[in-house]
Amino acid sequence: MTVTTTLARWSRKSNRRRFVETTARILPWLAAFAVLGIYAYERKGWIAAAIVGAIGAIAVGWHALRLMRRVRHKPQTIARVLDRQHHTFDLLQTAHAIESRGAAPEDPLEQLVLVRAGEVAPRLDKVAVAPLKLRSSPLGALGAMAACALLFLTGAGAPPIAPAAPTNALGERQQKQAQDLAHTLDDLAKDPSIPSDLKAQLERAKEALNHAATAKTGKEALAALSEAQRLLDEAAPQLAKLDDTSKLTTQQLADKMASAAKAGDGSRLAQLAKEAMHRAAASPADAQQLSDAMAAAAAAAASSPESGDPWSGSKTMDPSSPEAQRLAALSEAAKSMKSGDMTAAGEQLGELAKSSGMSGSSDPRASRLASARDAIASMRAAERAALNGMSPADARAEAARASGMRPGGRPGSRPGSMGSMMGLGRMPGMGKPGMGMRPGMGRPGMGPGMRPPPGATSGISLLTEDGPRPPGGAAGSSGAHGGTTPSGATEPPETVMSEEVDPGKPMSADGIIRAIAEHSAGDHRSVRFDAVRDHYEAIAEAAIHRDEIPLTRRDFIQRYFEALRTHDEDQ
Amino acid sequence: MTTLPMAAVAPPPVLPTDQPVDEWALANATNALNVVLDELGKVVLGQQQLCREVLLGLLGGGNVLIEGQPGLGKTLLVRTLAEAVDIVSSRIQFTPDLMPADITGTQVLMRDETGKSTLEFRPGPLFANLVLADEINRATPKTQSALLEAMQEHAITVAGVRRVLGEPFCVIATQNPIETEGTYPLPEAQLDRFLLKVTVGFPTLDVLRSIGVATTGNTMASAKRVMERDALIGIQRMVRQIVVAPHVADCAAKITMATHPEQPTSPERIRKFVRFGASPRAMQALLLAGRANALVAGRAWVGVEDLTAVAAPVLRHRMILGFDATLDGITTDALVADVLATIA
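So the protein sequences, as listed, match chains A and B.
Using our numbering, you'd call the opening residue of the first sequence number 1 and step up by one each time.
Using our numbering, you'd call the opening residue of the second sequence number 572 and step up by one each time.
Simulated from the structure, these hints should not be mistaken for lab results.
The beta-carbon is built from N, C-alpha and C at its ideal position, and this holds for glycine as well.
Treat the hints with care, since some could be wrong.
[What the hints assert, rightly or not] Chain B regions said to be covered by chain A (calculated; three or more residues, Cβ under 8 angstroms):
id	stretch
1	724-736
2	817-826
3	871-879
With the rest of the complex left out, here is chain A:
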């Protein structure tokens, strides 16, 4: 028997076995697709079942074709496969090539090759090793089991599930909160003293809130809330301007003081008292005029009917009532002012404000607006946390943090917000001047090394060995150049970014690193490079004098800035 004959017989047998093997291997896949087809029919109907069936037929057919393609018919190909599988170093191929020549070989080594191949080929045939391993497809079996599990676990017999109706992105509680805030803004807009442009802005904020309440996606809701926040942030300073006490006439100031004293609004009274003390200190004539007006206003207020009970018929106020006592204290302060004892007048007014209590805001409208802004900030933080995949508890914590840490927060609602009342002396609850979270103060009052709260808008501050230098002013200043406006509104980047760079001032390495780190940690804003180039060059100059910087690199850095400067000058 020649090697070629052996190979041909091997081919027939192997092909028969390969057919069986192919069938065995595609059976699990057939089962899997059958189960998936049933599942698709139960869930989606005939069309889905047909699609699944077609995909399955193609996949199984392709798999079977791939398996059957391995079937070898040519003896030379079979010899190659066998040589590879059995590591016979091309013995069968060589023997087949010798036999294919037809004539019997004369070379003794060729005869030797044929003898060896004749010995090996029958052994391979008997052993029938790979690629003739009859085995099922493990992957197919796994797929079939997975399909069956899917069928049973999901209950294919159950009626098709109707598509879920789209739900709002905000939760029920947050929707209600948004609607309440919209009502609050609506009420504010109805105030006749508010100008029309501010009313329009409040209206737009209300619409944004309503839109957020009905938004279908989290991103949409967050965008609407951000828009509302922006509108209210812009409205806040305008509202604050309405409450400018410096524009009041003497009579109006006295009347408002009397009204505040009667109503027990300590914060408002303190603000008005500060203005009154400033005017009284300006000239004795003004002091006389103001004291007369205050006394008259207090008397008028005491003689008017009590608020909240217009139908009581009482013409005067009960002298023992708190309102009457506060008005009497106001009259006493007016007398002290008239006599020229400004210190006593200030102390009396301070005591009066203290006894009246701190209602939280000098202007109730500003207070309501601030509350609304806080609430929106909280909702935004919660929504942002939810979008980032935080748990509800984390989202609540984030919301609470955002509400408490909002830059330029609620005017007068934080301890120390009375720091502006310096003209009245130290009052309980006033805190140290410049230490509070007064809107717009931002970092200047926070002290060296302190960082602004997360999300706070900040300019670039250059840290020196003396501590951080406030952008745009000395530490403890009003923070006009800080990251936020007095009302807490975020100013545009062009006005916020204030660079005070003193390249000649030596800086420590730590200071440089802190400056860079602080700058990097803040909001990223687009700033023209020529505006900050000197700043960066100063930092680089200071840095390259450190020992760790190699000399060649120092030169490289210097040439970089020189090149930038030259480029700018060329332009």
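The hints should help you fit chain B onto chain A, whose structure is shown.
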């Protein structure tokens, strides 16, 4: 005509060269070669691959270029091989002032008893069976070229007279890849004359320890003569009788063709980094070294595995790489691996 310096004792050959090779002769040759390898392994420690490849070069009747750092046993290997197979060896230390006549030999004026002066040829060190050309890249191109005729045709021409070198003839050249200052790199034409280029790797820790112990005592290991010169010649002829099937020859041709960058079927890195591919002589070398490898393995036929086993030493000095390969640190061995992956 000069007489070759022969061995003192010429034992009868193990394998008669004029008889057909049968199974017994094949097995005998394989055993004899394995004994030679064992002897080499006793002296040259930890360099089995090097010994095998040098032996393949000798069996193939070609020349071998060994590249490696100094002190790795290159010279020792050549001397030991010459001792084991009982052939005459010579050693030429190549230096920049070495002249061609220094290696080929020269004619000297001799005066006989009658007072007549005649020019007599004094053979140089090339007239040996195994020539160790140590640090071949230190000689000038002129002297290097003097080796060309000897390596390719096993003959030299001096004063217009062609003189045939004795068989077997094999040049084993060494070069140091590190110290390149003051050297003359071998031209591609001469590199192509080497059947194999073998790289010597640094031994492992255990081998290094064994080398230290074995070579610093009073007794040095030496190889025994285990094969006669005529037997070696017979085995060299047997190598050329090893059967090469068409598919193996086809594979050798494909491997050679795949080293050419202009071939569309060549691997991507070949097309990118290779300037010139291997010559047809490379395919001859592949088959010859493959035959020798099959014989050492005791087979009468060459398999594709034999070609892949010798592809790297056959091709690594025949592929001319571009500058990009140097920049990217691409070696010819990596490219040969690409070629083999493509062919497989």
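Status of the hints after comparison with the structure:
1. A stretch counts as covered by a chain when three or more of its residues have a beta carbon under 8 angstroms from one of that chain; for the stretch 724-736 of chain B and chain A the count is 0, and the coverage is violated.
2. Counting residues of the stretch 817-826 of chain B whose C-beta lies closer than 8 angstroms to any C-beta of chain A gives 3; at least three are required, and the coverage claim holds.
3. With 7 residues bearing a CB less than 8 angstroms from a CB of chain A, the stretch 871-879 of chain B meets the requirement of three and the coverage assertion stands.
Hint compliance for this structure: hint 1 is the single one not met.
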